[in-house]
Every structure is written in structure tokens, then in C-alpha cells.
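Asker: Kindly produce the complete structure, drawing on both the sequences and the hints.
Chains as they are written, first to last, in the numbering used here: chain A, 1 to 261; chain B, 1001 to 1285.
Since the hints were made in silico from the structure, they are not lab data. Being a predicted model, the structure only gives us computed values, none of them experimental. Don't be surprised by glycine CBs; every beta carbon is placed ideally from N, CA and C.
From chain B, some residues computed to sit far from chain A (all C-beta separations above 10 Å): (1) GLY1107; (2) ILE1178; (3) TRP1280.
Quick partial rundown of chain B residues pointing at chain A, CB under 8 Å, derived from the structure: (4) THR1039; (5) PRO1042; (6) MET1121; (7) LEU1143; (8) ILE1220; (9) LEU1262.
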Amino acid sequence: MSRQRTRSFVRGMLALLAAAAAYEAIARSGLFPRALLPVLPKVAETLLDMLADGSMLRHAFYTLSRLLAGLALAVVIGLPLGILMGRLRAVEGFFLPLVSALMPIPSLAWVPVFILWFGLGDTVAVLVVCYAAMFPMVLNAWSGVRSVNQLWLRAAGAMGADESALFWKVMLPGAAPFIISGLRQAFQRSWIAVVGAEMIASSDWGLGWVIYDAKEFLNADVMLASLAVIGAIGLSFERLVFGALERATVLRWGMVGTANE
Amino acid sequence: MRPAMQETVSERRSALRTAPGRARDPYGAQTGWRSVARTALPFLVVGALWEITAHLGVFPPRLFPPLEDVAAALVRLTLAGILPRHAAETLLRLLAGFGLAATVGVGLGIAMGRSRLAEDMLLPLVSIGAPIPGVAYAPLFLLWFGLGNVSAVLLVGFVSTFPIVFNTWTGVKAVKEIWVRSAQAMGADEGRLFRQVILPGALPYILAGLRLGLAQAWRILVVVELLAAVPWGLGWLIFGAREFLDTDVMLAGIVVIGAIGLLLENVVFRRLEQTTVIRWGMMAA
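Answerer: Below, the structure is given as C-alpha cells:
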């Protein structure tokens, strides 16, 4: 098994190296202008420069604060709404058609409308993120609450749990796998929304803005460096934040199998 | 890809339960028109609130038009043939990009599921590209392939390839070993094994991947159309309308975008699932 894994790892590394080498060869061949296809050392240098002078960190900070503000708003609204929809038939009957009708509209399609209503700037980005993150939150909370094993509820009820204990100790943990997976999807969609919104509703800071702005000056190295940062942030959120969240809750409770392999 | 599957499950449930005439029938007393009325009620309430706000004049009517203006814009643009052309161009772009993604994605996913070597080599590459949101690539694609259709189609294809690869790969690996072995014991050769066991066995996952891929493609196509400055397309329509403060046109465009999204999700994929995996009893309806 461990030999197998070593071999997989070596092959993976070789493939990455081969891809990098192929890119480097094309970039150096002079077939395309250097500005459009910068060599990898140049990209690394740009990345280090931008990290060193703090501008990259500031861009990332602005993007993340917009994203987290929108995501938090979506959780604060979406989670209770989804839970209520799962619990009360009247709430479900009213909101489910609305959710189903609004969900297929891409969040970024609202950007021009929001710009007209709220002007260029942070409000647009936060609202678009909120819109994007809302639906996975609502739908997963709703399915999660409905999929809680009826037996658990009845068992807890028989053991004398009152309404609030039932909610906090059975319903919410029971729905947790769905809610966490909703949070994950919400984050992925927020990421897309925030980068797109920053490109269109441009302000002076933000990873989406810096990529889009680099196009004007043909700075492909800045673009690639920012893409690397965006990917790194996304990956670390996925692995560290959500991974830790899962390990602390649903994995520890033995409700789902080991998630990441 | 557990989250992916869960997403499709929850989305399917919501679709199923709101489809007209299919609404839940909890007390056995709800007939067709009553469930239609119950579905229509929330829209009427929200519509009425919108109308009241618009007519009170709290916001300038240019920015917050009453619904009849939006409907009028919808009818006017449809009759003039402008809206259908925008929609057709957008759909064409979507299909081209998605077709590309489906071909490449399913191919790569199957290769990764079947061959250890392909899996070891491709997985790191795919995993590096996947966490970066698709729109972030847009400026790069524009720089490399210029403004216009080529960039838009390639970008949409690129973005929707990832979920398709992941789900196909998972699906091929999830085919029960015992099915493969029993087919082999009954003398199936490599080709038949692939077509009659592995492909159908992986199909629920592949369809889930295609559905996710299409949804992602749809989500970014609108903004790609703006950034790539294509001459026609729904994305271009709504962003262009902003310049002239034509909020009614923008909202009409958004309505059409939502309707197409709903149609793609509920009609196209449900039909496909019903004729395959549901009929084979591999997935509950």
C-alpha cells in the first residue's frame, strides 16, 4: 500500500514537472510574446514581489472580507430559513417555490442591477456573494432537517427531551452533515461571485480586480500570480477550515465516513 | 465527490416538489389547481410587494420599474426578435462550451477511473486547477485568445470540465467490483465490459457531473459574455442595458436567464435521467 502511494506521488510530481516544463518550453520558444506567456521564474518573482510589498496581502484581505461578509449574511438568513422550511409546512410552501425560481439565475447576472441600485463598490460584491451563497445554505439546511432519522427524534422524545433539547441535541447535529456540505458549496459559489463582482463593480483592491486590471497592461505575470493566490486560498479553506469543521463535528460523531479519502 | 452528489440530490428534490401538478399531496385532498394556486401564492405576494414599492415612488422608476414595464419590455423585445436572438446566441455558446467539456471531461474521467497511471498523473493537475473559480481565468483567456466567441466558449468549456472529470472518475471507481467480475466470469470481453457494465454503472455519477458542469457553465457564461464583449448574448444584453439605465430590459433579461436555467435543469436532465438510470432502477425517481 505504501509503495503504491509512493509510486502515485512520484508519478503525480512527474506529471506536474512535465506540465511545467512544457509550459516553460513554449514560453521560451518565442512563438508568443513574453508579455502574454511569461516564463515561470518571472511569475514567481512577481508573486514574491507582490507578497513582499504587501499589495497581494491587501488584495486578498479585501476579497476575503467581502466574501466573508456576504457568506455570513447568507448563513444568518439562509440557515434559519432552511431549518424553518424543514420544520414548518407553511414556511416551506411559501419559500420553496421562490427559492426554486430564483436559484437558476446566476448571481453574477444581478451585478448590473445591483450596481444601478447601490452604486459601484463593496455593497454590490457583498450582496452578490450573499445571493450566491444563500441557495446552497437554504436547500441543504432544509434537506438536512428533513432527513434526520425519525427514530432518533422519537427515541429522544421518549427519553423525555423537551422541544429545545430535541432541536439542539438531535435535530441540529442530525442535519449537520448536510449543513456543512451546504456551507462548502456556499463557499465555492461565493468565491466565484466575489471574483466576478470585483471584476465588474471594480474598486481599487481585491484579487478579482487586480486580475482584470492586469489585462489592460498585458501583465500576464500578475494574472498568473494572482490566480495562484486565489487557488491557494480556496484550497486552504476547503482543506483546513471545512476539513477541521467536519473533523470536529460529523466525523467525530461518526455520522459520515472519512471525507477526504 | 460526496458534496457534489448531495447538491444534486437536494436540487432534484426541490425541483421535483415544485414542478406543477407534482406537488406533494399530504392530505390526499389537494387537486391539481390547488397545488398550482399554492405555488403561485408566494409569487403573487412578492409581486404585489414589488408593485407597491414601485408605485409609491420611493425609488426612481427608471431604477425600480413596476412589473408591467418589465413585462412590456419582455414582450417588446421578444416581438422585435431581439431577445430570441440574444438567447439563441447564448445557448449556442453554452452548448459549444459544454459539448467540449462533456467530451473531454468524460474521456479524462474514464481514463482516470480505469488506469492507475492516468489517475496518478492527471489527478494532481486537475486538483490544482479545480479550486480556482472559473471567472478568475477570464482575463487570462481574453489575453490569450482575444475578445469574442473563442474565449467565451473555451472558458465555459474549461470551467465545466472539472466537475465532469471528478464525477466520472468517482463513478467509474464506484462500479461494484462484483459486477465487473461476474461479467468477466460470464465471458464479457473488454469492449462489452466497458459498454455494458462500467458505463451504465458509472452513469448516475456521470449524469450528476454533467448536470453540475452545465450549471457551472451557465453561472459564469453571463459574466463571460460581458467580459469577452461578444456582440450578442443575454449577458451582454443586461450589461449593455445598464449604460442606458434600462432597468426594465435588465430585469426582462434576468427573467429569461432564469427561465432557461430552470428549463435546462428540470426538463433536459430529468428526461435524460428518467430514460436511463431511473428506468434501470439505479436511482430513485
